[in-house]
Amino acid sequence: MLEIRNLICGYDAKFLLQEINLKVEDGELIGIIGPNGSGKTTLLRAITKVLKPKKGEILLKGKNIWDMGFRELAREIAVVSQSSDASFMSVKEFVLLGRIPHYKKFQFFETKGDEEIARKYMTLTDTLRFENQPVGQISGGERQLAVIARAMAQEPELLLLDEPTAHLDITHQVAVLDLIRRLNKEFGLTVIMVLHDLNLAGEYCNRLILINDGQLHKMGEPAEVLTYEIIEEVYKTVVVVEENPISHKPYVLVVSEEDKQKWESSFLS
Amino acid sequence: MNRKLSWILLLAGILFGVSIISLCVGSVSIPFREILSLIREGRGTAEYSILFDIRLPRIILAFAVGGALSLAGVLLQGMFRNPLVEPYTLGISGGAALGVCLNIVLGLNRKAVFSLPISGFLGAALIILLVYSLSMRRGTLRIQDLLLIGVMISFISSSLIMLIMAVSRVENLHGIIFWVMGSLEQPNKSLIKLVLAASVSGLVISYFFCLALNAFSLGEEEALHLGINIERTKKLLFILASMLTGLSVSVAGIIGFVGLVVPHFVRMFLGGDHRILLVGSFLSGAAFLIFCDTLARTIISPLELPVGVITGILGGTLFVYALSRKRVVF
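Taken in order, these protein sequences are the chains called S and U.
Note that the working numbering has the first sequence beginning at 27, numbered continuously upward.
Note that the working numbering has the second sequence beginning at 1255, numbered continuously upward.
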């Protein structure tokens, strides 16, 4: 699906990403993790052609994305980004915006087919209930589902998400991630998402990519990446990694400075 | 969709009604019944020439300029996602005014009246180029820079105009002030036709950007994710809005407020969908300016008020009133 070769990319004079090499197969559900400022979002922005790479290339199904038109790319890749600023329009209008890359030349209004597709994904994301409400008036969790519905209306093959669970309560975190997993399984959608929460990333992704300081630090199954040695090295924080008794996925626990000292002194005494 | 279509029909109806009223009233009032008979058999009478040589060209010019300015306003507000941007914020009117001032002071207009709009347009074009090239960095048009540079250039050109006015002779001063206040009196018919053609084709061209503008309302990066070539769109929209403004200003002078208030007002009632907003603003702007111009030439008839005074007072008051009743959607 996606191949990144020797990518060097960043803003102005500073190049955040250094020599990234990466291959994503069809139907994978990949999580990108890493500390703040490590270059996770930069990587997403390089894949969507927001940032032009300094060096290296990004191939989508064997084709360099910089040889593709913006519309062509938008029919292949959809993005759920952190801020979508559209408070005035109704959820339905908002989801229909996702059909723009599929409009024909001189087509200004959506067809019956476009409406049906929008409806289908609003049903799937459970946002049909408030299709006529303004996006600004629904809750953060519902809005995130609407953004996913819009991305799905683009009918992409690759879905990119930038922290889809940020600022959500656990109900919505699970709802959003369950939905993403369903899209991945049932629709064969390839998914790459940036996540801050290591536990959610380990729970839901087939493969994790850990980025540190603009470099690919470690890549592999959650159990290979989420070990206490790697996490402590990258995040400079003391953690305990356990196993989730039901899913058998790794589970990262943080330890506060005070508790750590207490624990250490109990050893000494 | 049908609801929106009926809004457009309503606006078109208002535009038509305002135009008819404007044809009828004035220093000589001509009842509507007589207009139809005048068209058929009135050729050569004084009323006929009042209607078709004085009032109708003026209505057409008001239609074209009002439409063009509101359209430019919608395009810029949509592109900047900022409700305070208007065609004049970007320094285009300042450039046109500077061109006209220089023309009057140098006495070119006494040799050829036609040179006034030309110098106005040259001034506007020069400013557009300057603002545009100053806001380009490595191939991207920086929207915020565009706005700030435009505002600064506006200040510079208005200071230069004041400088010119301070050192110019009284008869030139009168010409400058008259032009700066804006007027829809334009004896040159082919100039009116030119503005009409440009304004209507501007509306047609703008429709190629209606979806892009809708996508822009989510933010530049989101528009890009939806497959919009944002750099090309920004450049073309800026050029389109500038041409519409430059042409309007160089023919009719600086008629303020239409490009700011009308798009805003229409947005309040029709929502943020540019597919409806573009034509809605065009029609409303045209109707609004025809109405204001009719007031301007009838209130203290036979004397005339500058139309910019009416657009400012009426537009501002209406707007503040509406804002206090209804929240703006942006």
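Simulated from the structure, these hints should not be mistaken for lab results.
Some hints could be false.
In silico BS3-like cross-links for lysine-lysine, where the CA-CA straight-line distance does not exceed 30 Å [to be verified]: (1) U:Lys1489 x S:Lys40; (2) U:Lys1258 x S:Lys78; (3) S:Lys130 x U:Lys1489; (4) U:Lys1258 x S:Lys131; (5) S:Lys80 x U:Lys1489; (6) U:Lys1365 x S:Lys130; (7) S:Lys49 x S:Lys288; (8) S:Lys244 x S:Lys78.
Here is how each hint holds up against the structure:
| no. | hint | result |
| --- | --- | --- |
| 1 | U:Lys1489 x S:Lys40 | holds, 27 Å |
| 2 | U:Lys1258 x S:Lys78 | violated, 41 Å |
| 3 | S:Lys130 x U:Lys1489 | holds, 22 Å |
| 4 | U:Lys1258 x S:Lys131 | holds, 23 Å |
| 5 | S:Lys80 x U:Lys1489 | holds, 24 Å |
| 6 | U:Lys1365 x S:Lys130 | violated, 53 Å |
| 7 | S:Lys49 x S:Lys288 | violated, 45 Å |
| 8 | S:Lys244 x S:Lys78 | holds, 25 Å |
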